[in-house]
Amino acid sequence: MYTQGLDVHSPEPPAPLDEGLLEKRFLKRVDAEEKIEPKDWMPERYRNTLIRQISQHAHSEIVGMLPEGNWITRAPTLLRKSILIAKVQDEGGHGAYLYSAAETLGVSRDQLVEQLLSGKAKYSSIFNYPTPTWADIGAIGWLVDGAAIMNQIPLCRCSYGPYARAMVRICREESFHQRQGYDLMLQLSRGTPEQKRMAQEALDRWWWPALMMFGPADTESTHSSDSQRWKIKRFSNDELRQKFVDFTVPQAKFLGLTLPDPLLRWNEAAGRHDFGPIDWSEFNRVLKGNGPCNAERLAARRSAHEEGAWVREAAMAYADKQRVRNAKIAA
Amino acid sequence: MEDKHQWPLYEVFIRSRGGLDHKHAGSLHAVDARMALEHARDLYTRRQEGVSIWVVRSTDITASDPADADSWFEPARDKVYRHPTFYDIPDEVKTL
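Read top to bottom, the protein sequences are chains A and B.
Going by the numbering used here, the first sequence opens with residue -2, and the numbers climb by one from there.
Going by the numbering used here, the second sequence opens with residue -14, and the numbers climb by one from there.
Calculated from the structure, these hints are not laboratory results.
Here are the simulated DSS-like pairs of lysine-lysine, each with C-alpha atoms no more than 30 Å apart in a straight line:
1. A:K25 <-> B:K64
2. A:K32 <-> A:K240
3. A:K36 <-> B:K64
Input sequences plus hints: build the corresponding full structure.
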């Protein structure tokens, strides 16, 4: 959300300072809650961590358009269709904000897209699950966007300026996503017995994958400590997951739906809900590319990219031609 | 390995309400300024965030270098007499 073009004008620093000293200064700035901006010195590991995280985040927004886009033509009313189109458009916008933020770190949009399409880059596993019924659209908004918000709100304060600013914009828009999803679930759960059953089944499908969105347990997470030191990550995976469970339980109760976890109960002493163990083997299976829709999602992205190639090229060719023509008229 | 077919980058500035300044909102890729404006409208003003948009090629911006920030902005630091609060005016003197 800043400009990579700015780098063109900056001369290389004449005498490179000692890396250790620079890193010390960098950490001091991070500790003081100063924002790091694109042209500031930063450790390579910080840069690479951010490129990985922001681009994965961008890819997730883009791939995330697919499971919901699947229902645009079949939304039950014109209003629901309009809402869904607006939401999917937002996801595309979020992808664009985030790609721009990643580009400020010196990686090009083409490289990022190539990493997604070649399967080299990861995106959130949640989008490798199918959306067989209309209720899945409600469950995604309520739970998947709800979990995403839980993850994203602390990122608004992350140490890297362009990422933090993109997240502020995204979080402002994300709340509508969650509320329209809950509203949809509410409508179904107050509808006919069939509609209520459809809502319950969608909840059953999405509950565990939503909990997995927070990532591996703290004891297993490989990227956490550096990210916390650098104030990219403010809370641990397990802390955020717990908060999500505590927020969601009363919301489900209000819907009259049951969370699919027989071990879920309020722990009075701890002041939080206890919940059953997560099936991490499923998480890893989906992450490694063997989820229900991994191949389908990537194939859809690849064909969209290939089929759009002529449009991108034609637009560029037209702009070049206009530039030449305008230069001639001016001459 | 910059692809020469990659659309150039534009910076987007938005005036959120009449009477306010245009403020940097973000950036986007477009083939020319007109497309950049159209994309900026779709990308940054989906919820009436603006009444006017500027776009400018990112490469056309000249920026100060953060590494020079100290020497660049330091000269203003010791000139406190540029601020009205520097002057101690007796309470008896009004409307000053």
